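Visitor: What follows is the residue order along each chain.
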Amino acid sequence: MRTALILGFVVLTGTCGEISLTHAMKRVGEVREFSPAAIGWVLLRAFREVWLWIAVGLMAASFYGFLTMLSWYPVSFVVPATSLAYVAGALGAKFLLRERLSATRWAGVAFISLGVALAWTDLPTLQHLKNLFTVSRDLIFAAALASLAFYLFSGWAAWRFFKNSRSRVAENVADFTPPLSILKPLRGLDRGAYENFASFCRQQYPQYEILFAASDEADPAVPLVRGLLRDFPDIPIRLLIDPERKGTNDKVGKLCLLVQEARYPLLVITDSDVRVAPDYLRKVAAIFQDPQVGAVTALYRALEAPSFGAVMDTMGSLSFSGSALVARAVEGIKFTMGSTIALTRERLAEIGGFAPLLDMHSDDYELGRRIAEKGYRVELAPEPVEMEFPSESLGDYLRHELRWLVGLRHIRPGGHFGLLMTQGIAWAAAAAILAPSWKAGLAWLFAYLIIRLVSGYVIGAWGLRDPVVRRQVWLLPLHDIFWFFLWLASFAVNRIEWRGLVFTLEKGRMIPVTTRPGSA
Amino acid sequence: MEQIVSSTRALKLKTYIVLFLMIALGSVGNTILDKGMKGLGPIDFSTRATIWQGAFHTFTSGTVWVGICCMLLFMVCHMLVLSWADYSFVMLFSAITYALVPLLGYLWLREYVPMARRVGIVLIVFGVFLVSRTPPRTTPSISDHSAN
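Here the protein sequences line up with chains L and R, keeping their order. Convert by adding 7 to the 1-based position in the first sequence; the result is the number in this note's numbering. Convert by adding 1171 to the 1-based position in the second sequence; the result is the number in this note's numbering.
Hints were generated in silico from the structure; no laboratory data involved. Bear in mind the structure is a predicted one, so any value in this text is a computation, not a measurement. Backbone N, C-alpha and C define an ideal beta-carbon position, used for all residues, glycine too.
If you only want the chain L side, here are some residues facing chain R, beta carbon under 10 Å, derived:
1. Ile26
2. His30
3. Val35
4. Ser120
5. Val123
Full structure from sequences and hints, please.
Guide: Below, the structure is given as structure tokens:
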């Protein structure tokens, strides 16, 4: 334990010191002249940087820790052990300094760390290495247990949420029915689009309107909306056509227009692939009786899964629902989902409307986050909505999940890294490999399978009432394998493809990647 | 296009020159400090007077001061190169000192180098070779920002 603590101290303070020094020098700017006077001037400017002094403090602390280590252990142990600083430094450079580490540079990190460890190791250090191995193995066992505890906790959170919300709804679907506007930005045609739209026209709600927005008349969704106008003459439906592109995120651009045209104080925004039950609006609006509620969002389930990619997508939404319910139980929900975003005009105005989200990748997530930041609660609708998952190939599924993970890494790096603790299959496999016997190894794998499947069934089949999960929950471990490798890949990918265009992300904003002229 | 290529070459050249100076000054400085301190003999920490005496001998030794100057110059080079190059590039490249020290010991002092250490040296050299195949800078410089 003492070894791990001092080693962690030396590596962390040293790395943070070097990163602070780099940050200070980057703020000073690139040195282009090397005359003594110019160098003197650069140094003078550097000494005015507070980051430089933070660096000096951290490096001094690291050096002191290093000397302490040398007084406890032989140099042949200390130097190899501190070669961990290369890995920590590379991670710091990537996440704090935003350097782009190519696969070649990562390979350099691996070779150099291993090389330094080998070049400075001798036989007496083998005992220390053995101790380090034992400590690492214990940590892996602890992480595997933590991931299993996470699955159990998410199952319990789902059981509690659905049990409470169903009994509350049974008691009273309140008569709180303020007039509301449903906003639907359109782009292209989803499976079952007409039925999805029509489900909003069959709402048992006294006063509401539906507003659709498309970029042009040629959008294939436009004839369907015209069909709704014909089939539901009693429902106030309006179709807005606006070719102007207001920002990188076209959906938010359309929402800016829709909110201007909406008549009522309560706004309900849903993606075009969402289908709802007739009492959906009543249940959502009832939550706004509590003035502390800033927004309402909803979990979702699949209507059916027409392809293997869609089945994996369903398993993904089940896992996401589990994480959302854990977040709700622990700290409350601080985001919204595209399946449902309901909020009042007043709250929307407090966060500056939709305009600040015009270039954001995850506009739905951001909107909820901003509402929560203002001190309001984000609540979950008592029942999930239904979604028509597209008939996508496995490749399509992997690409869009990777895009989602890359987006998450940019808007919430801590949360993205925290997914490490939800990678149950990877931890269970590691624990099985390191287990003292094959029986103990098998026990780890069985524990993962049983706990994951039971928890998944409670969330997906019992809670969300998802027919795909009910039939094919046994495919959940396969989803977890894909998910683990996608999560790893998301650390190395910085570009995303979004509706045929390529973007990089900076603090959640999509920056289009422009091709240099003549560089075809 | 030619301008981009030549500016990339200029950036690489100045990076390698300053890194070479940094590595040389660091290795030489450490060696001279080592020699200077060993020449003074072990410092006696038993009483306050002997500690002060040891400090006095240390800071009046010409060899120690040469070593300190080398280390200060090493630090200046380190700061200069970080003003434009990636930290991950500089950090990994400077790992070559871990390979140079035992290598020089073997070549000049005929010290015995065990097999594990030889393999380690080869791995470090190969790792540094890989890093040298990557661009020294992957983030925009302050001047790039101000130009936009």
